[in-house]
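**Student:** Listed here are the chains, written in short residue letters.
4 protein chains.
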Amino acid sequence: MNYQTILEEIYEQIQPELTKGKVASYIPALKQVDSDDFAMSIHLLDGTSYNIGSYNKKFSIQSISKVFTFSMALELYSTKLYKRVWHEPSGNPFNSLIQLEYEKGIPRNPFINAGAIVTTDTLLSYYKTKEKAFEAINNFINKLCKEDITYNKEIFDSELKHGFRNQALASLMKSFNNIKNPIENTLDTYFKQCSLMMNCEQLAKSMLYLANHGEDPDTKEIYINSSRAKRVNSLMLTCGHYDASGDFAFHVGLPGKSGVGGGIVAVVPKKMSICVYSPRLNAKGNSHAGTKALELFTSKTKLSIF
Amino acid sequence: MNYQTILEEIYEQIQPELTKGKVASYIPALKQVDSDDFAMSIHLLDGTSYNIGSYNKKFSIQSISKVFTFSMALELYSTKLYKRVWHEPSGNPFNSLIQLEYEKGIPRNPFINAGAIVTTDTLLSYYKTKEKAFEAINNFINKLCKEDITYNKEIFDSELKHGFRNQALASLMKSFNNIKNPIENTLDTYFKQCSLMMNCEQLAKSMLYLANHGEDPDTKEIYINSSRAKRVNSLMLTCGHYDASGDFAFHVGLPGKSGVGGGIVAVVPKKMSICVYSPRLNAKGNSHAGTKALELFTSKTKLSIF
Amino acid sequence: MNYQTILEEIYEQIQPELTKGKVASYIPALKQVDSDDFAMSIHLLDGTSYNIGSYNKKFSIQSISKVFTFSMALELYSTKLYKRVWHEPSGNPFNSLIQLEYEKGIPRNPFINAGAIVTTDTLLSYYKTKEKAFEAINNFINKLCKEDITYNKEIFDSELKHGFRNQALASLMKSFNNIKNPIENTLDTYFKQCSLMMNCEQLAKSMLYLANHGEDPDTKEIYINSSRAKRVNSLMLTCGHYDASGDFAFHVGLPGKSGVGGGIVAVVPKKMSICVYSPRLNAKGNSHAGTKALELFTSKTKLSIF
Amino acid sequence: MNYQTILEEIYEQIQPELTKGKVASYIPALKQVDSDDFAMSIHLLDGTSYNIGSYNKKFSIQSISKVFTFSMALELYSTKLYKRVWHEPSGNPFNSLIQLEYEKGIPRNPFINAGAIVTTDTLLSYYKTKEKAFEAINNFINKLCKEDITYNKEIFDSELKHGFRNQALASLMKSFNNIKNPIENTLDTYFKQCSLMMNCEQLAKSMLYLANHGEDPDTKEIYINSSRAKRVNSLMLTCGHYDASGDFAFHVGLPGKSGVGGGIVAVVPKKMSICVYSPRLNAKGNSHAGTKALELFTSKTKLSIF
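Residue numbers (the working numbering), protein chains in the order written: chain A, 1 to 306; chain B, 1 to 306; chain C, 1 to 306; chain D, 1 to 306.
Chain A with its partners taken away, still in its complex shape (with noise of 0.2 Å):
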């Protein structure tokens, strides 16, 4: 298949669909990006890779990295993050406190809000210190994509300043002991990865090892287990896209995450990764464009898993 051509040809036809939507403004330091912009990148396992439009242009990853966060938590603790953290759709409009406080405090599942702040407090307290914490997984995601990728400290003071409502997600789960350092701290984490800055080109390439049973194609280095990469993937297709998850696995039909940044990344299983990026949203918070590519996507390419 002529990857180049139907990336090309998804550009051509994602034109109409770059004016719509709206870019994630509730915090300031987000609006501020060119509000039309489109990129593409595609990463096969045999190492070739294809791209288009501005895909070195640099977004804030925002819900991509609990992917990572995730990934690394998976690997540590095994079964035992479960009981912290549960793999089910919330089915919940919204990053929601109903069912946190209906489930006594143990998230639905990882790729929610309350879920990601789950995951990094366990990093917090195996790494020990915030910095720490954040330095390994800012080093994962390095070794992913073979980059030095760092954060945006506008983005992350603006997140810190602004985020009461994680603020409240962290302070119900604390109630329920489901954090187990102090809030600030794991909210510190949090907002860092939030705000880490990456490419189309990075991000396709560093989700490589899930379309890889958690094996790096390239150094060989396995990140996680091959059962845990497919749960991570079953976990993208039913969770990775908040409410909006069954539309996009109805739609799209692969593993997917996005991020309020205007990012989604998507992995073909043993075959390649993906990521979109346009910045306007859609009413349910992913990128209408980037959804709007991906479905393209696969039915030009019949790569749909199902």
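Careful: at least some of the hints might be erroneous.
What the hints assert, rightly or not - With a cut-off of at most 30 Å between alpha-carbon atoms, the simulated DSS-like pairs for lysine-lysine come out as follows: (1) B/K80 - B/K180; (2) D/K284 - C/K104; (3) A/K180 - B/K161; (4) C/K271 - B/K300; (5) B/K300 - C/K80.
Hints are computed from structural coordinates only; laboratory data are not their basis. A quick note: this is a predicted structure, and the numbers were derived from the prediction, not measured.
With chain A's structure known, arrange chains B, C and D on it following the hints.
**Tutor:** Chains B, C and D in isolation, oriented as in the chain A frame:
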């Protein structure tokens, strides 16, 4: 009516109830009480008063403080206060975040924790600093009971240390912009008012203004205007005992407010104010023997408002 | 106090309110009313009565019937009734299935639809057939108001035809075994009691027993015992206006019960019973002008129970 | 791969699991099964098949029927169907009315009861009578499995008699105008489809079209178009096991649908279809040993889609 005889009858009849229920234990400091204790005090508008049991023993007034702060805030802000805290029963089994999330950070009433935290936040805005706000609350109650009361530092520290649920409530409301001051200042003041120590006699006396259309029957000082006094009483009736408010109205038939410290205050409009104390709580978090004693009282005296 | 003068003042002051709100339209038959109508009636324990407006015009009593059936069921089953219907405010914005599902088919109180359906079901069990059950309800009200009243067949048919929400409530409770008779029989009786037609004067008179500790002040017949009469009054105060009950207590300060037909009954314990009628409803489903008129009434007369 | 050997291994390893869990007992007729039974069947696209255990024993297919009716309705109505039933995981612990009420009668997906009832209602609208609708469903499945199947009248009668929860769901949706036919007709058809009796071999064969992009691999008849077949598979993955769907995806990694009769069907896209049967259910209402057997199957064969 011979109230002293009635109190003596109640005292005798209540004995078998004094070993039922459980002392509040969510913070260690609250557990250090004589768990089978009982006291009851009545203050009439004419200045006479009747007491039985350990009516001089001080206990933590906890949620009873919400009546005082709501009175203060209602007098300061009048109907503007309703934009930030409503006056409807919540119907929820505990101090829940669920309704608060659905209703966008506006608590149902000032007698659930979320509503009381907002109320205190309005006082903080008015008095500028947490020190002055607490001083104002303390002074208001001192004037009501004609004695100097103080808060218990151990209980306050304990509340502060274990107050994650209240932090979650405050953070959630802050995310909806319904907390105007820094969360830590608002919660500091709130936990202090909850840690105030009063005895049964003082509490009964301090509620007399609500039996007397807002006016001190002794000094004739008007604490709140007549129509607001009625509003506070109606709120105690519909919302004074969390999700057992209907049951309290059903069986006791008086406006009342309970605290997890074991106290319950009640008002017979135009006649008297009452306080009972017994630290063991029923399943709904209200004093078990206290509720029963008030039920006996209205049965014997026919003073139910219905 | 000159009640006739007070009614005349209210009548004048209420005029600007008569065009606000909307007539109930969920069934076509209910819409056929003079939408700007107003009436008010007062009955004192001494037998005197005062009326204003179209107090002789009959309207559908709807949920006001719940007060009568609950009185009957409480007298028949006493505290056993509480196992099937509780007496706590529901806190919910409409006649919701949500709480009913969480609370396993036990309605919060007899004044929400679910609770009233259970109450009617208990009468059906007692009187064996739906004909006899409805006859008993009709006779009970006939005795109270000293006149023969009947139900409106067109409204009844309309309720039956559009009553899917009530069918859902009944089916859900049946699945929890809290409806003992065939659903269609219970709903037939329930819809008939809601379709009873009464005028303002009759309704005011029929509530007099609740102002007089359960006894008919005229015939001295005891309809329900004294303590149960207080329970019914307390329930009207805490639950009589759905999720506007707190607001009604706050502003009117009397036990009361509204119906979507536009009527509201209220009780001043030991003094009088009241009925107002005005078919336009506020957002919560209670008569807009009726609520305002009662607020004016307690402001003028200082008869609030608080 | 030697599938027969794999089935034999699974059969041996699954023995200790066959006494765990509980047979569905909400209707008496469902209890009359050999509770420790086990069967498993595989059908490959090339026509070969493998079986083990009591693969010829018929059982009630229950919710597995939802896959067939949804396929039919999707083919008839295409995307118009989404206006009446969505395709998102519900996240709810049981077949709940709560979400349905908040979401105004539009069920989350066609594999929860509410959604399946709506789906059947659309078939009823298309085929005009309940007899013809059920005949069409029955014929569709007959064609898929190449045998004549029938429903069990005793189970059907039992469902009808105890189906109050489903009546509540249907009534609630009717109140939102999302049921277009008389409730009794829709439920009659729905309960009949649930009472269809099939054995493991028939069920596996009948699912083969979903492994083959909607086409019968034998007759080449196209039952649903290719993109719709993928949608059905994605729905089975995200919503096929109620609120254990995430867990099934996590551990098994195949699109699948369970029924309370003890059956589970699953699909390996482009390869094969599978059915397991074991009547004891886990806490979430899915076959305990069936789930474990499928987990063993994908572990041994590496056929997880992830």
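**Student:** Confirm or reject each hint.
**Tutor:** Taking the hints in turn, this is what the structure says about them:
For the given pair, B/K80 sits about 15 Å from B/K180 by alpha-carbon distance, which is consistent with the 30 Å threshold. The straight-line distance between the Cα atoms of D/K284 and C/K104 is roughly 18 Å, inside the 30 Å bound, and the hint therefore holds. With a CA separation close to 14 Å, the supplied pair A/K180 and B/K161 stays within the 30 Å bound. The straight-line distance between the Cα atoms of C/K271 and B/K300 is roughly 21 Å, inside the 30 Å bound, and the hint therefore holds.
Between B/K300 and C/K80, the direct Cα distance comes to roughly 24 Å. Compliance with the 30 Å bound is thereby established for this hinted pair.
Hint check: no violations occur; every hint is consistent with the structure.
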